[in-house]
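Asker: Chains A and B are the protein sequences, given in the same order.
Here the first sequence stands for residues 87 to 641, numbered as in the working numbering.
Here the second sequence stands for residues 87 to 641, numbered as in the working numbering.
For the record, the hints were derived by calculation from the structure and aren't laboratory data.
All values derive from a computational prediction rather than experimental measurement.
Certain hints may be false.
Any copy will do: because identical chains look the same in the list, a pair fits if it lies in one copy or spans two.
Claimed, not checked - Calculated pairs, SDA-like style, for lysine to any residue (alpha carbon to alpha carbon, straight line, at most 20 Å): (1) Lys-378 x Asn-411; (2) Lys-468 x Asp-624; (3) Lys-378 x Val-289; (4) Lys-253 x Ala-181; (5) Lys-315 x Asn-454.
Protein chains: 2
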Amino acid sequence: MAAAAAAAAAATRLLRLAPRRLPSPKTCPFSALPLRPPAPLAATSRWRRFCAAAQDSAPAPPKTPASAEAAGETVGEFRRRTRVADVKGGGDEGAAWVGRQLAVRGWVRTCRAQRTVTFVEVNDGSCLSNMQCVLTPDTEGYDQIDSITTGASVLVEGVIASSQGGKQKVELKVSKITMIGESDPTSFPIQKKRASREFLRTVAHLRPRTNTFGAMARVRNALAYATHKFFQDNGFVWVSSPIITASDCEGAGEQFYVTTLLSNSAEGGCLVNNIPSTKDGRVDWSQDFFCKPAFLTVSGQLNGETYASALSDIYTFGPTFRAENSNTSRHLAEFWMIEPELAFADLNDDMACASSYLQYVVKYILENCKEDMDFFNTWIEKGIIDRLNDVVEKNFVHLSYSDAVELLVGSKKKFEFPVKWGLDLQSEHERYITEVAFGGRPVIIRDYPKEIKAFYMRQNDDGKTVAAMDLLVPRVGELIGGSQREERLDYLEARLDELNLNKDSYWWYLDLRRFGSVPHAGFGLGFERLVQFVTGIDNIRDVIPFPRVPGSAEF
Amino acid sequence: MAAAAAAAAAATRLLRLAPRRLPSPKTCPFSALPLRPPAPLAATSRWRRFCAAAQDSAPAPPKTPASAEAAGETVGEFRRRTRVADVKGGGDEGAAWVGRQLAVRGWVRTCRAQRTVTFVEVNDGSCLSNMQCVLTPDTEGYDQIDSITTGASVLVEGVIASSQGGKQKVELKVSKITMIGESDPTSFPIQKKRASREFLRTVAHLRPRTNTFGAMARVRNALAYATHKFFQDNGFVWVSSPIITASDCEGAGEQFYVTTLLSNSAEGGCLVNNIPSTKDGRVDWSQDFFCKPAFLTVSGQLNGETYASALSDIYTFGPTFRAENSNTSRHLAEFWMIEPELAFADLNDDMACASSYLQYVVKYILENCKEDMDFFNTWIEKGIIDRLNDVVEKNFVHLSYSDAVELLVGSKKKFEFPVKWGLDLQSEHERYITEVAFGGRPVIIRDYPKEIKAFYMRQNDDGKTVAAMDLLVPRVGELIGGSQREERLDYLEARLDELNLNKDSYWWYLDLRRFGSVPHAGFGLGFERLVQFVTGIDNIRDVIPFPRVPGSAEF
Chain A
87 MAAAAAAAAA ATRLLRLAPR RLPSPKTCPF SALPLRPPAP LAATSRWRRF
137 CAAAQDSAPA PPKTPASAEA AGETVGEFRR RTRVADVKGG GDEGAAWVGR
187 QLAVRGWVRT CRAQRTVTFV EVNDGSCLSN MQCVLTPDTE GYDQIDSITT
237 GASVLVEGVI ASSQGGKQKV ELKVSKITMI GESDPTSFPI QKKRASREFL
287 RTVAHLRPRT NTFGAMARVR NALAYATHKF FQDNGFVWVS SPIITASDCE
337 GAGEQFYVTT LLSNSAEGGC LVNNIPSTKD GRVDWSQDFF CKPAFLTVSG
387 QLNGETYASA LSDIYTFGPT FRAENSNTSR HLAEFWMIEP ELAFADLNDD
437 MACASSYLQY VVKYILENCK EDMDFFNTWI EKGIIDRLND VVEKNFVHLS
487 YSDAVELLVG SKKKFEFPVK WGLDLQSEHE RYITEVAFGG RPVIIRDYPK
537 EIKAFYMRQN DDGKTVAAMD LLVPRVGELI GGSQREERLD YLEARLDELN
587 LNKDSYWWYL DLRRFGSVPH AGFGLGFERL VQFVTGIDNI RDVIPFPRVP
637 GSAEF
Chain B
87 MAAAAAAAAA ATRLLRLAPR RLPSPKTCPF SALPLRPPAP LAATSRWRRF
137 CAAAQDSAPA PPKTPASAEA AGETVGEFRR RTRVADVKGG GDEGAAWVGR
187 QLAVRGWVRT CRAQRTVTFV EVNDGSCLSN MQCVLTPDTE GYDQIDSITT
237 GASVLVEGVI ASSQGGKQKV ELKVSKITMI GESDPTSFPI QKKRASREFL
287 RTVAHLRPRT NTFGAMARVR NALAYATHKF FQDNGFVWVS SPIITASDCE
337 GAGEQFYVTT LLSNSAEGGC LVNNIPSTKD GRVDWSQDFF CKPAFLTVSG
387 QLNGETYASA LSDIYTFGPT FRAENSNTSR HLAEFWMIEP ELAFADLNDD
437 MACASSYLQY VVKYILENCK EDMDFFNTWI EKGIIDRLND VVEKNFVHLS
487 YSDAVELLVG SKKKFEFPVK WGLDLQSEHE RYITEVAFGG RPVIIRDYPK
537 EIKAFYMRQN DDGKTVAAMD LLVPRVGELI GGSQREERLD YLEARLDELN
587 LNKDSYWWYL DLRRFGSVPH AGFGLGFERL VQFVTGIDNI RDVIPFPRVP
637 GSAEF
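Start from the sequences and build out the full structure, keeping to the hints where you can.
Answerer: Here it is in structure tokens:
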């Protein structure tokens, strides 16, 4: 204690004696405090949120201000920076800001020079809208006008004024423009002319600077947050299921191996002969990092069940993987899954939870991403907002698999794939049911033949079907798949035997049925499918920042 | 359109004609509606949240009730289930519930038979507290008393009464107990006697049923949600950075390979001779899934910078990996990272953001996880609540690396590792600074020698240091590491050359400096370190559900 006190004293002394040697914090010219926003908006805008957070979290003054001062510098408040969304995001589209000073930092989308004025559209990513900035030859920094090109980053300062153009309510009369980072107009890949989605995938590091991908990123973010809000508000606990798994519970056919055996120990790449092997020439897994074969997870469900069997209701939200050689617009090798698991619940509870969840998150983005959704409605898929409103407002249809088969057979429609009890429903069937037969309403189909469903699903009393459900939506088809889990040890073991699965591998999963087993149910939702459904974006590679598909893991 | 209408009519007809064939939903006996909670608590308890959500999200009545009825069954409301936390979580510890009926579903923690009554402690995972259930020989189901053992799952119904014991305010006078799932007392691994943490790792599927791991899971969940809340409230966009990466941007030494080349094509395991190879005997990556070597990510930062260069402020929250052979209590092969990235920001902004973040999440769990935190304060680390209150209330110290070195040298303390300008600070040094020199206050050290920091950190004007910062906290040491990024293309390229790194691999990262470069900064936080810091749990393997470490990826 004495030593500690002495050291503290020494530290204090050091700092008190040598304040000159402490570097004064360098101020970045581009992060200086912005001008204050008008009072009426302050309460609802994003502005001051950080400060509010800081105040919330430190309501009491520091208990030792004197020593704190003496002991060194303390961290100041987080920067207060006004964003375009703060100005234009309100219902009045910025009208309340007219006459106020503002500094905007962002990237130039377009620059149109007219005889006496130049219009520069600046976007800071906080919303779809640009800030239209009006420059005249009197504007400070106007001599740099030639470098104000698409893609450049700038700081513009001026006064908000009513806009005479019809496209926006307000614009910024610029008194000063500062070039932050130039963008060579001959080499910047994303020029004003519309670039194809295929091309934009080759510049995935720059595509968030386009309207479509900026809007996608914001809606994707809102969907993720709404997911957390929904489950948290309902008492579910987020559980991080493992990404690397060495259990044999899932078929390894479509799994990626995770290994350190292929490390480039030799110059020029890993020599096959250097890979540790057993006497009979097989890969010696005992020398791998985990001492056995390890894979990337295809689902967190089995792990999730363990926590549901202790905490009652849990959900996972994490990446999952398929080493499937599917080069389609519907498949990714790496995608995010949401997998809730409910204890003391049956299939009806599961269906109700899935429906409530979907309605909640769709309503959330309709209310919180209006501008971006208007963009998708206009440019990506006309009528998508109406379709989503239907999802929120209409009850979901549900019917049994048997009835679905009867409906399809009775439709007399020619399908590519056969329809027959016992065969799985294909995408064309699912889309027919939700899009045509029920006119765009989401449909839940339940009680599928056990042969086409997973081993862990609970057998129904008929001995032929299991308590499984798929939630279908228009255009996407299956969005959610779930089931009540088989909680009866004898049924589960018998099913594993029937399928020639090794019971020993499932020892811990079976333990859940040995010790305090409870009826439970859950579902899985491919997050990217949800983003597709909500935005109308066709290709799944365009609803995730950096898609991983066969032959490509760029960036 | 005519075809669609006809099909819809056919579908409706089918269902109208055949309502008998639609299976009526089977009701799970354990998920039936519970008894209503007392009115005073309803507004603040978790009860009805689901229903509230459902109502929120579907305020308008279905527009086509008639056809909805005709078209099939619709999904009902999500189950309303009262949890122990709903009863005991309020400030009155359940006093308002006295006299009310209640059904509790959960797992038996202990069962103590006395002469006339039997006390059964039931936990449902919603909170640390058990519901003490009082059984008498008159209780329906009392004949099953011998199977009411630790680990079994039960449904208990009865009336809430004031408890005469001092340990709880209320208890449940049980009128009926129903066995859901038995638990063989001779084989259930977690008996009442305290099991060691080491042992519990071998039953990671059951350990959430203990007090420590239940509390850990709830606090971990709260920290994750608080993280999202903080960044969302401040306008940051969550970006899912890729897990699989084929870019050479990070040193591959400590990375896991992700491959499909080792698939078990042969019976009995992968034959080394079957691994595709080039003429000179090296692994032929062109035949791998991604047509080149692919790895598990060690950081999402570089990808995060691309989105910050479009959306301004973003954060990642996802798993990251290290194939490091470190069998310590501080290292995991798979862990979760939070990496915000701020555009138009310098190191001071970064430090302020890190401080605000940390104070926010710590305050959040102190306010929202009181019971669990009391448990940690009593059983895991005495005084931890005071220590965390200090973090919330006191300003953080910050000083330069140079001053930190001077402080350590001046301390005259004998350290295991040498202290000298240019050498990295070791854990013992960091802990001395935060624990001893500044008496438990978090400390931010900034401006480190460039030789010991990463290539992307922004060079300071002195030419010797970079704008890096580490946030140190007592006991854990470095919790957060961040920096301002080098946004000047010429500086960054020169640094890559100095370090003999291949500029071509970084083409897209350099593009961010070519096209509209902006000053930006960010930090990384190991989520499990944060959970350790907040709970006081020593070993990092005990703050993640299923730890992955060298030699073990069980469950």
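Asker: Does each hint fit the structure? Answer for all of them.
Answerer: Verification of the hints:
1. Taking CA atoms no more than 20 Å apart as the test, Lys-378 paired with Asn-411 passes between copies only; the shortest distance there is 15 Å, against 25 Å inside one copy.
2. Only within a single protomer do Lys-468 and Asp-624 lie at most 20 Å apart by alpha-carbon distance; the minimum there is 13 Å, versus 55 Å between protomers.
3. In this assembly of identical chains, Lys-378 and Val-289 lie within 20 Å of each other by CA distance solely across copies; the values are 19 Å between and 38 Å within a copy.
4. Within a single copy, Lys-253 and Ala-181 get their C-alpha atoms as close as 14 Å, which meets the 20 Å cut-off; across copies the closest is 60 Å, which misses it.
5. Proximity of Lys-315 and Asn-454 under a CA criterion of 20 Å is satisfied in both settings, with 13 Å inside one chain copy and 15 Å between copies.
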